[in-house]
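**Student:** Okay, here's what each chain looks like letter by letter:
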Amino acid sequence: MKVEIDTRSIWVLLGIKTLRPLFFILISIGLWAVVTMEPADGLSPEGQRAIGVFLLCLVLWVSNMVPVAITSLLAIVLVPLLGILPRSETYAFFGNEAVFFILGAFILAGAVMHSGLSNRIALTMMKRYGHSPRRLLVSIFLLAAVLSFFMSEHAVAAMLLPIALEISKALGLRPGRSNYGKLLFFALAWGSVIGGVATFLGGARVPLALGILQETTDSTIGFIEYTVAVFPLVVVLLIVGYLVLTRIFPVDIPDVAKAMGVIEKRAKGLGRLRYSEYAVGVVMLLTIAAWSTLGHTIGLSTVSLIAVAVLFVFRLVRWKNIEEYVNWGIILMYGGAIILGSALDKSGAARWLVESLISDWATSQWAVFAVFSFLAIALTESMSNAAVIAVLVPVSIGMSDNLGIDPALLTYAIAVPAGLAFMLPMSTPANAIAISSGYVSVKDMVKGGFIMFLTAWVVFNLVAAFYWPLIGLGG
Amino acid sequence: MKQGRKVLIVLSTSGTPESALEYAVKRASEEGTGLVAFYPVDSDLASEAFDSFTDIGFIGDKPSSELSESLMREYRQRGYEELGRVQVLAMEAAIEYEPIMEDGNFVPQVLDVIGRYDIDLAVLVSRREHSFIKYFSRDMAGEVKKQAGCEVVIFPEK
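Going down the list, the sequences are from chains A and B. When we follow this note's numbering, the leftmost residue of the first sequence carries the number 1, and every step to the right adds one. When we follow this note's numbering, the leftmost residue of the second sequence carries the number 1, and every step to the right adds one.
For the record, the hints were derived by calculation from the structure and aren't laboratory data. Hints may be right or wrong, so weigh each one.
[As the list claims (entries may be wrong)] In silico DMTMM-like pairs for lysine to aspartate or glutamate, Cα to Cα no more than 20 angstroms straight-line:
hint, chain 1, residue 1, chain 2, residue 2
1, A, K443, B, E48
2, A, K320, B, E66
3, B, K145, B, D112
4, A, K320, B, D61
Using the sequences provided together with the hints, build the complete structure.
**Tutor:** What follows is the structure in structure tokens.
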């Protein structure tokens with residue numbers, strides 16, 4: 001048997017071996033120090049402890065030393081344990097509407113994927129419109145975006161990966177070298193990311209932000225209201241994204257005839273439209289219509305859960321299928337994030353943080369909006385977008401009172417940019433799969449992603465400044 | 001052909017330079033030995049994508065595992081293509097050729113192949129990295145060179 005000898009310096013090896021336990025010891029000591037020290041002026045002991053838990057979660061979410069859902073679980077445990085909120089009140093936050101809306105939306109997306117409808121839509125669109133290299137690229141880019149309006153952007157990226165790999169193979173694109181190979185996987189990743197911010201369904205971050213907004217201020221944002229506010233940003237980013245990509249990586253193939261063969265073969269393999277695909281599509285469309293029209297009156301989560309019940313009543317899915325498509329850790333993640341946000345608000349910690357750290361420079365509404373949107377878009381490059389929401393939304397809402405800003409406006413300022421991660425593979429799973437395909441390198445992603453990062457922030461602020469007043473938002 | 005002695009070319013998952021391939025074939029041809037081509041399958045990238053989808057993306061087990069299976073299938077396909085490329089060169093040089101594709105950790109896997117096939121010369125490819133990053137990351141090809149009981153020639157990646 002061969003024995004593997006690691007030849008790196010002993011200090012490097014010792015450092016690596018002791019890093020993890022040392023990290024947990026240090027953050028435990030840090031939490032203990034914050035919790036036990038004399039509360040700062042104007043801060044209650046509960047507020048001080050809430051800040052301790054907040055900092056702990058922040059460090060764990062940024063460092064990724066444990067899965068994000070487990071960090072949320074820690075918040076759930078620590079909030080009642082440290083006496084920040086009573087136990088019964090803490091666990092009651094799991095009943096927040098946002099948690100059930102997210103769950104319902106994920107189950108619906110699972111049903112769409114399981115029925116094969118999403119795959120059929122993708123192949124039909126590519127077959128119909130992708131007859132030249134540029135048109136195929138635009139088809140994939142728009143397809144990823146449009147599908148992410150209706151289901152999780154991560155699920156869209158995962159679904160499109162095998163198709164993109166087959167197209168690349170059929171076209172003989174060399175991983176890491178072919179510009180068109182890079183373009184296909186960038187289109188898949190960035191299309192999902194940009195489309196994912198267009199509605200509440202592209203990811204769970206907007207419902208999560210709404211959940212925190214609702215728990216702390218009793219106000220909310222409507223399904224259509226949100227999409228109308230964000231849509232111009234999505235359109236501009238799709239255009240800029242396409243231009244940036246084709247400028248950095250010019251198309252280097254003459255035609256896509258071989259790819260069309262693959263797409264047609266795959267589409268033929270799906271057979272005729274089945275009853276389950278048709279019915280799931282109808283349920284999805286009716287649900288979106290109900291979210292748009294009845295969301296304010298009966299609640300988004302009620303609509304989601306009715307739609308889920310309908311899927312089962314008509315036997316369009318079975319529980320076993322849904323279990324395979326839904327990650328139940330989402331309940332822990334989002335329930336925990338809402339608990340953390342509420343603990344910061346109810347203990348007075350959010351207000352104290354705002355007054356002592358931010359109020360000096362936060363003199364104008366637009367400066368606050370620009371800074372929070374910048375923090376959100378910058379932080380989301382290195383941490384989970386849901387974690388960005390959990391960290392920034394409670395603080396921003398605490399600030400809205402001081403400046404007389406509508407808290408919903410600051411919720412937009414964080415919830416939208418928190419979904420726009422373009423630069424790094426750890427920013428979002430869609431970027432991770434573009435890298436793991438081997439066609440896109442981290443260097444490629446940072447180069448194009450940085451331009452998109454700045455563009456997205458500037459365009460978002462311009463949309464907020466000039467378009468939102470026209471639709472009666474923040475005017 | 002010398003009995004039992006062979007030249008090993010370890011193919012890079014991100015592209016083996018022509019110079020490394022030509023060198024390995026030339027040495028095998030000159031010394032009258034067989035050529036073994038080894039393609040290590042990088043399963044870490046597929047499992048990282050799986051982890052990122054389940055931990056951050058919160059998508060279910062089925063789409064996550066379908067995703068990593070697609071990636072693994074793709075990596076293996078690339079391996080077959082790379083091994084096929086070497087086979088063409090070996091046939092042109094009229095030398096005996098053996099292709100291998102295996103999953104696992106790079107260093108022990110390459111050392112195992114060296115031992116199993118009684119390798120005389122191993123040709124490897126190393127990634128170009130900044131010296132600062134090099135200090136903290138493992139130089140896999142360098143480690144094989146230190147531990148292998150045969151001649152090892154390293155080519156920089158394209």
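**Student:** Does each hint fit the structure? Answer for all of them.
**Tutor:** Status of the hints after comparison with the structure:
For the hint pairing K443(A) with E48(B), the CA-to-CA distance comes to about 18 angstroms; that is within 20 angstroms, so the pair holds. For the proposed pair K320(A) and E66(B), the alpha carbon gap of about 17 angstroms is at most 20 angstroms, so the pair holds. Of the pairs offered as hints, the one joining K145(B) and D112(B) holds, with about 13 angstroms between alpha carbons and a cut-off of 20 angstroms not exceeded. For a cut-off of 20 angstroms, the pair hint linking K320(A) to D61(B) stands: about 12 angstroms separates their Cα positions.
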